[in-house]
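Visitor: Keeping their order, the protein sequence lines are chains A and B. Read in the working numbering, the first sequence has 59 at position 59, and its numbers run on one by one without any break. Read in the working numbering, the second sequence has 443 at position 220, and its numbers run on one by one without any break.
Any given hint could turn out to be false.
Simulated crosslink set (DSS-like; lysine-lysine; CA at most 25 Å straight-line) [as the list claims (entries may be wrong)]:
no.: 1; chain 1: B; residue 1: 234; chain 2: B; residue 2: 675
no.: 2; chain 1: B; residue 1: 607; chain 2: B; residue 2: 234
no.: 3; chain 1: B; residue 1: 422; chain 2: B; residue 2: 401
no.: 4; chain 1: B; residue 1: 607; chain 2: B; residue 2: 581
no.: 5; chain 1: A; residue 1: 205; chain 2: B; residue 2: 394
no.: 6; chain 1: A; residue 1: 205; chain 2: B; residue 2: 248
Away from chain A, derived, C-beta distances all over 12 Å, residues of chain B [to be verified]:
no.: 7; residue: 635
no.: 8; residue: 639
no.: 9; residue: 651
no.: 10; residue: 659
Derived from the structure by calculation, the hints contain no laboratory data. Positions of the beta carbon are idealized from the N, C-alpha and C atoms, including for glycine.
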Amino acid sequence: MSARDEILATVRRSLGAATDDAARRAAVESRIGAGAPGLRPLRGQGDADARARTFVDEAQRVSVTIERVASLDLVPEAAARFLRARNLAAHIRMGEDARLAAMPWSATQLEMTRGPSAGDDLNAISFAEAGVAETGTLVFVSGAHNPTTLNFLPDNHIAVLRTADIEADYEAVWIRLRARFGKGVLPRTVNFVTGPSRSADIEQKLLLGAHGPRSLHIIMVDD
Amino acid sequence: MTAHSTSPAFKENAHNALADAQLQKALGNVRLNFIGRRAAAADRLPEFEALRDQARDIRDHVLRYLDVYLEIYERNVVAAGGHVHWARTADEACSIIVDIAKARGAKTVAKGKSMVSEEIGLNAALERAGVKAIETDLGEYIIQLRGEAPSHIIAPAVHLNQEDVEAEFRKAHTHLPKDRDLEAPEALLAEARAELRAKFLSADVGVTGANFLVAETGTSIIVTNEGNGDLSQILPKVHVVVASIEKIAPTLEDASALMRVLARSATGQDMSVYTTLSTGPRRLDDVDGPQEYHVVLVDNGRSNMLGTDFEDMLRCIRCGACMNHCPVYHAVGGHAYGWVYPGPMGAVLTPSLIGVEKSGHLPNASTFCGRCESVCPVHIPLPKLMRHWREREFERHLSPAPARAGLSLWAFFAKRPALYRFATSVAMRALAWLGRDKGRFASLPLAKGWTKTRDMPAPQGATFQAQWKTQRKRSR
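With the rest of the complex left out, here is chain A (with noise of 0.2 Å):
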């Protein structure tokens, strides 16, 4: 007998369950197919204005800082403002995503440059796909438009989210995924991000920067 099957049959036999049993069978599938949440704590709920609020008070409590701005031709300056204050060499990594591409970057000092990460680049941008307002949580999908590396190996990370894309919770985010790929179905790497990268592996001291963003900076854009 395979692996597989004598661990299947060994899981039957401790549970007392026949080979082919249809009503257990159907019962899983019913479950999943129905993907009924369960209960959705009240933080995150409310109208578009609560959730934005919401998501940039649970933001902050984790290390992230935010900008907003009032339009996507405005996120250009405020990437460069961001990068100015602190210090930070102008340059910055993307995607191919069209939204970011079709920003005004030519009209700031930031030298651009396109593609995945090698592990060398010290700034990266990407464009969220939703924020969850519950955890001031950022959620990314894989592709070219907005490589994954971007999101872990360079050391200041800058996340433009639209505020209409904050949903409540992770269940909202899960509905937005099965309409935009399909149910059952999803892109290679969903990330969920909660702040910065961090270890409290020495003693347990909190220490921002481990093997991901040392910082991570959202621009919100409201309009």
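Model the placement of chain B on the given structure of chain A, informed by the hints.
Guide: Okay, now just chain B, sitting in the frame of chain A:
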């Protein structure tokens, strides 16, 4: 080969741990930080208790239908272009991973933090095959340099102090200037980051664990704060997930419901920094990520726990809250437990996985204070399960002879209430008479260990049972 166990030496291990001043200093951090942080996170979320009940119910549901869920999960991994491997034992799991690494000519494997990889002894197996495994979680990296096992399931180097880490880095990173300043913990972190970044970039294969396996989408979820689980899977060509069979969450909704209690119970965060969902290898429009995605499903004794007294233990989501709140863990630390999983969850799981006869005193390493159960996010009745193991130890004549003799003696009297009352009242009066001068005993025969650090007060008044009888009469 399943990781080596020194659990039978628990008493000796614990004795040494209590005498280790450096360890005691480090353990102070566990008491100081974890308890308060969890309580604050729980207090901040009014729904927390209801979420714990929900988490328990989800885990119970999964276990009841585990075979069906595993089949659906496998189907969906394959549909997304991934490969699923099944391993009955630790050895099988290791050889599957070693074969994957060798077939790709891998020299190094970057590892995200994974407890099941500790359980199956993966690093040693890779080493034997000439493949170097590099632990990338900061705590795991530190203890790998020291040749130690983790002493905590989420804070593997919690038994160490900053000076230990500095000493280890100076010993290991000899290519760096000898006079560099490593005084601040930030400097240690920066050095580890730079060292490990190079290793991530050159690793041929990445291995991570999984906090959850989502049946609905064939997805593995890994939760970290550092990003070690992410760099381990997006940089190498091959991503291998090693996970035990009970990690299933039916849907994305169920996974997020479990996430809500995981980080809060573990570190007191509302959400860990990185929660990453990985589904298959990179797609056509991806420009990074692994070209191959493998999942190794490890049984290693779990399928036999289903349907037994110990099934509840399979609800565990490995948050570490039970050990963070355990007075025994606080006193002796994780290494004393002698195997991969320490604390109350280890005292229950270790006998289930390696056998009660090889687990020595672990089920007895508890005061039964009940704090572990009271903070467990999935309500595992840990004290009850430890009691089940104690019963089995007794039935199988594994407990030490003096303990067995003492229990038999007590049972003889307990079964004869009249004799019990008579004997205790005689003994009590004798003790009261012997201790009439000082009112206490500095030492007692047969109880030297107990009186070594405290005095035994001499009895006063009637026995408990006699007092009970009088009180009852009076209240009627």
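Visitor: Now, for every hint given, state plainly whether the structure supports it.
Guide: So, going through the hints one by one against the coordinates:
1. 234/B - 675/B: holds, 17 Å
2. 607/B - 234/B: holds, 22 Å
3. 422/B - 401/B: holds, 22 Å
4. 607/B - 581/B: holds, 20 Å
5. 205/A - 394/B: Cα-Cα ~23 Å, so holds.
6. 205/A - 248/B: holds, 14 Å
7. 635: holds, 39 Å
8. 639: Since the minimum Cβ distance to chain A is about 41 Å, residue 639/B lies beyond 12 Å and the statement holds.
9. 651: holds, 48 Å
10. 659: holds, 51 Å
When the structure is compared with the earlier hints, no violation turns up for any of them.
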